[in-house]
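Visitor: We have chain A; now place chain B onto it with these hints.
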Amino acid sequence: MNLLILAIIIGTLAINLPYLIRTRRYSELILIIFFQSTSLVYVFDLIFKLNIPTLKQGIEAVFMPVTQLMNSFFS
Amino acid sequence: MPGQPGNYKISGYMVAALLIILDATTGILFVPLSVVTVAGHDGWIAPLLTIPGGLYVVLVSVWLGSFYPGKTFIEYLPIILGKIIGKIVAWAYVLFLFYVFSTVVRECLALLYGTGIFRQTPHQALALLLIIATTYATASGVEVISRSIWYFSAFIIVALTLFLLGTIPFTNFDSIFPIGEAGLNTIMQSTLTPHAYRGELILLAFLFPYIKTRKEAIWGGITANLAIAGFITFNTIAAIGILGVKVASHAYYSTFYMADYIPAAGLKIVLVTIWIVAFWGKITLGQFFISNGVAQAAGLKDHRPLAWTIGILLLVFSQVFYQDTTDLFHSVPHTFPGVALFFEYLIPGALLLIAWFKAKSGKKNSSVTTN
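Going down the list, the sequences are from chains A and B.
Take the first sequence: its position 70, counted from the start at 1, is 70 in this note's numbering, and no numbers get skipped.
With the second sequence counted from 1, adding 1000 to any position gets you this note's numbering.
One or more of the hints may lead you astray.
Stated by the list, open to error - Here are the simulated distance ranges between beta carbons:
| id | chain 1 | residue 1 | chain 2 | residue 2 | range |
| --- | --- | --- | --- | --- | --- |
| 1 | A | Y26 | B | P1122 | 33 to 41 Å |
| 2 | B | T1325 | A | L17 | 19 to 27 Å |
| 3 | B | G1070 | A | L3 | 20 to 28 Å |
| 4 | B | K1083 | A | F34 | 38 to 46 Å |
| 5 | A | Y26 | B | I1132 | 26 to 34 Å |
| 6 | B | G1299 | A | L3 | 34 to 42 Å |
| 7 | A | L3 | B | K1358 | 47 to 55 Å |
| 8 | A | F44 | B | Y1136 | 23 to 31 Å |
| 9 | B | S1148 | A | S72 | 18 to 26 Å |
| 10 | A | F34 | B | T1161 | 41 to 49 Å |
| 11 | A | F34 | B | D1260 | 42 to 50 Å |
Unchecked claim - Sample of chain A residues lacking proximity to chain B, with all beta carbon distances greater than 10 Å (derived):
| id | residue |
| --- | --- |
| 12 | A14 |
| 13 | P18 |
| 14 | I21 |
| 15 | R22 |
| 16 | K56 |
Hints in this document: simulated from the structure, not taken from any laboratory.
From the three backbone atoms N, C-alpha and C, an ideal C-beta is built for every residue, glycine too.
Isolated chain A, as found in the complex (with noise of 0.2 Å):
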């Protein structure tokens, strides 16, 4: 399933490149290609267990302690 994956995103930037290099809408191109990259090493994360670090790994080490604030300010 995870090599579904990673075939829909290869063949979608295989779609879109020749299209949106045609119509040089070349900051879109750059944006496809880096969201698409992303999602590339993630879904190799997922296949190999790289255990790349992730947002919700950085979104959790700065918000769970205002989390926990919060929570002690009202108990």
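Guide: Positioned in the frame of chain A, the structure of chain B alone reads:
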């Protein structure tokens, strides 16, 4: 052009429907567990105490939008905060939306597997089908999204109301007495997670340029706030009255367990169908706001080329963010209130103050110049 505020404008009724779907989809499902865990049989009070918070978010969103007509939240951030800080905050909001809606995709999957509707199908297969459907709507633009959710919301709201009315004969209302036994501090503590969910009404700021008038935006926002509070309160009372405090404080899907008590056949399937449609609506709106947000933060004219890419990223994030359902249900109540405090309450409030001072000083300067 889809994604840009054009000729099509959303009415107040549609605003209310969009916001109810946006907030109540996950709120009704997951708030009862968190409030009953903290405040016991007084947990039903928390959604009502969240009404002022929701009202604050609605008014701040509309007021901010009124300062910069025709511009979305991401577009006027650089105007308020300056180009560099404005862009940084805009991208921070994009990340915030990625976090929220990846979590929503995972919550949808947790529901489908947790209620036992799906067992053998791989998570990713269901998520992929969902993302295909949401991407189709996202790429079609705000008109298609708002009209579709408007039609579906009638079915969802009527069915949910009928379900909640159907629980009345089986609810032991004595369970919620004595009222206030948990104490004010504990009840206030139980409002943290509902406040985080209700704060999602901040997405009204992203929707504002597409709404017909300011009055309709306020009307829609306030109606949604009250309706959401009503649904969640009634659902929590039913969960306490039917399942009891002990079960309700451990049941991830109390709404679905309550369906077992009502004799109507196939009720669980009806509820799951309602929630699949509601999740589709919520994720579509989220995907639209992210695609549009990325396009506007990066200065693109159109969000459509990004819709599928954003969809795939939501799918992938939903899989890698949470190891399993236990991780999801542990992480959200421990993280989301802190995130919400900043992104849904403090930052928009601060932005409004800055915008107000700027507008006031701008008027003063222009009057000095004319004099």
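Visitor: Against the structure shown, which of the earlier numbered hints fail to hold, in ascending order?
Guide: When the structure is compared with the hints, numbers 2, 3, 4, 9 and 16 turn out to be violated.
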